[in-house]
Amino acid sequence: MRFPDYLSLSLRSLRRSRVRSLLTIFAIVIGATGITVMLTFVTSVKNLTVASFVKTGQIRQIQVSQSTDMRYDPTGASGGYSNGLKSNNAGSATTTPLTPALEAKIAALPHVTAVAGMFRSRMPAISNVNYNGKDWVVQAVVGYQPTGAIHPLLLAGRDLIAADTGDQILISKSYADVMGFAGKYDTIIGTKINLHTNQGYTGAGVSLPTQLPPMIRCKQNQQNCFGGPTSGMPATNIPATIVGVLDNSDGNDQPLLMLPLNSFLAIYNQAQPMRVNYSFQQQQNCKPGTPCPPGNGNGGGDGGNQMPSGPGVVEGGWNRPTATAFITNSGGFDSFMAQADDISNVAEVASAISKFGVGTTTGLKALNDQKAQANIIGLVLGGLGLIALLIASLGVMNTMIMSVLQRTREIGVMRALGARRRTIRRIFTIEATAIGFFGGLIGVSLGSIFVLVAKPVITKMAKSGSLTGATFTVPPWLMLTVIAGTSAIGFLSGFLPARRAANLDPVEALRYE
Amino acid sequence: MDGIQLSRVTRTYTLGSEALNALNNVDLNIANGDFVAITGPSGSGKSTLANIIGGLDKPTSGTVTVNGQDLSHLKDAELSGFRNKTIGFVFQSFNLKGDSTALENVMLPLIFAGISPKERKARARECLDRVGMSDRMGHLPNQLSGGQRQRVAIARALANKPSLILADEPTGNLDSAKGAEVMQMLLDLNRDGITLLVITHDHDVAKHANRMIEVRDGLVHEAVAF
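So the sequence lines, in the order shown, correspond to chains F and G.
At position 199 of the first sequence (counting the first as 1) the number is 191 in the working numbering, and the numbers step up by one without a gap.
So the working numbering is basically just the index in the second sequence, starting at one, shifted up by 55.
If you are wondering where the hints come from, they were derived from the structure by calculation, not from laboratory data.
Using N, Cα and C, we set each Cβ at its ideal position, and we do this for glycine too.
Treat the hints with caution; some may be incorrect.
[As the list claims (entries may be wrong)] Label pairs and their computed distance ranges (CB to CB):
{"no.": "1", "chain 1": "F", "residue 1": "Q362", "chain 2": "G", "residue 2": "D154", "range": "48 to 58 Å"}
{"no.": "2", "chain 1": "F", "residue 1": "V445", "chain 2": "G", "residue 2": "P172", "range": "40 to 50 Å"}
{"no.": "3", "chain 1": "G", "residue 1": "H128", "chain 2": "F", "residue 2": "F18", "range": "41 to 51 Å"}
{"no.": "4", "chain 1": "G", "residue 1": "Q239", "chain 2": "F", "residue 2": "F18", "range": "48 to 58 Å"}
{"no.": "5", "chain 1": "G", "residue 1": "S116", "chain 2": "F", "residue 2": "F18", "range": "44 to 54 Å"}
[To be verified] Computed footprint of chain G on chain F; a stretch qualifies when at least three of its residues, placed anywhere within it, have a C-beta under 8 Å from a C-beta of chain G:
{"no.": "6", "stretch": "4 to 11"}
{"no.": "7", "stretch": "412 to 426"}
Between the sequences and the hints, there should be enough to build the whole structure, so can you do that?
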């Protein structure tokens, strides 16, 4: 007997008990739809994670920290901070400063293609971002070496590259949002902004005077007032051009600016006067928060009730440390990001770097952790769907047992007409498998429609989240697996009833009323 | 060897702890082309006899040979093949598939025989034509009268060109006019050389037979022809 004949006989009997068949199929549909939808979401998120790790090169990254207990941070933007704590304060962990010298050693290791140091602003220099006449407070500024080892996650624009020695800047999404570019991050690229410095700023873009304006005395608890010999110098604006918007929606949502390390150092490695010769004035004449009016000084030092109030004369010129000295004196880089030449060498490179007494975490491990998490969620959700399917399989079995009972006489007739046991068994098995197959087919179709309908809603919900860019399409392998799975469940559920049908005594079956 | 030979055939059913001999050491020879009526009271074993000859049942002991084939040693697949090719069954209650047309019902044994769709359609048409049902081929059984249904059933029995037709009370569910029509049809088939075994209570049916066997308490007796 040919397969199409089996199929036709099986489908015909499904059609005959239409309502019963449809109800049984419907039970399978529920499970199949559930599995399709849930696993599609899990898979989409997982694929997105992998794709982003691969695309940005994170999969080959090794993040180096002063201390061991480090959370992997793909942008490196938290730079040396873990769970809000600077890693070198973390308990008993041994720390090794991440100096430029160490960076050179890491760069010289085999399989290392690039290393980049990341340095986070410690001393204030930039107070506000200014755009279109409005100001927003700056909290964190990070400089990194655009060697290709660090790949911040971006919503729009591009990474910093080695050629970026000018005013290029990456801004966090939160800045773009307040600047009025929410949801249209591409359009902010190329926009000029100003980085507004604090008063007393002596970094790049300022001509260093020989005579300092009077110092500012800070009120108690006054914010953004830093005092010091140069505090009377006026604030200035440093122009910058936005080349990328950081996707800092993965929980690390503090406003952040990122600059090429050289530009960063030009701003933050500020010059200090070698020596200042002050004139002094009685303190009672000074109003807190305002420059002291010029007058005749009558004392020295800034102790007691008096303080030096400009103008002061700079003697011996200005001192600006070298970049290496500045970084080393500041306690080293906050973190390094090293990149291995191949995924297979990531572990080896990480281990070699660890021997320098520093902490390492790898993107690969982070990716595997994330994948494992997604797999667990997938297993739990898929398990729920599977339970639904198992319950449905009881329905299939019940339907098939009913069908065998109802068709006992027909089975007897078919046996009399020459059907073998095997033929009867196959007819019923195919019938049960067909229930599973159609259940799976309809389930996958409904699931796909659901995903299609839900996609805009979820994309909208996820617009501010890390799900942006997830495809949310049902992968073909999932479709095939679900249909194959429900067919298998149908087959297994139909196996016993089919065997029972095949083993019926034809004489008894023919006598059955 | 042609024809049907039963040698010392016993068929025992066990009902609880009691063994019941439906057939008891039966010896019987039926020649090819014969028309044999099997009669006897209910429960006498005549259906068992027919089932054993038709390969639906196996004897507890003894041998059954049909056209030289010893049925007692055949496996399920071979026995199914035997029923498919050699026997045509006609039942009292027609036993047509309710969801299939007359044509599809007749094609069923051809499907089991593995005959190609084109050929089985042609042969089914031919058989329906032979029983005068060619104008009702697309009808479902419930659109046909009792007599028409039995004719479709006979066409189905003929599909694989059997050498033996086993008819169990073929006119039992029909009025006498339709019954006579069906009987005539079976007689025509017998005249064309097909061996005919009819189980019947009906003397009008039995009288057409050229041999009558009475089964009583598991034993067969050659009965006097009417």
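For this session: Please flag the earlier hints that this structure goes against, numbers listed from lowest up.
Result: Of the numbered hints given earlier, the structure breaks none, since each of them holds.
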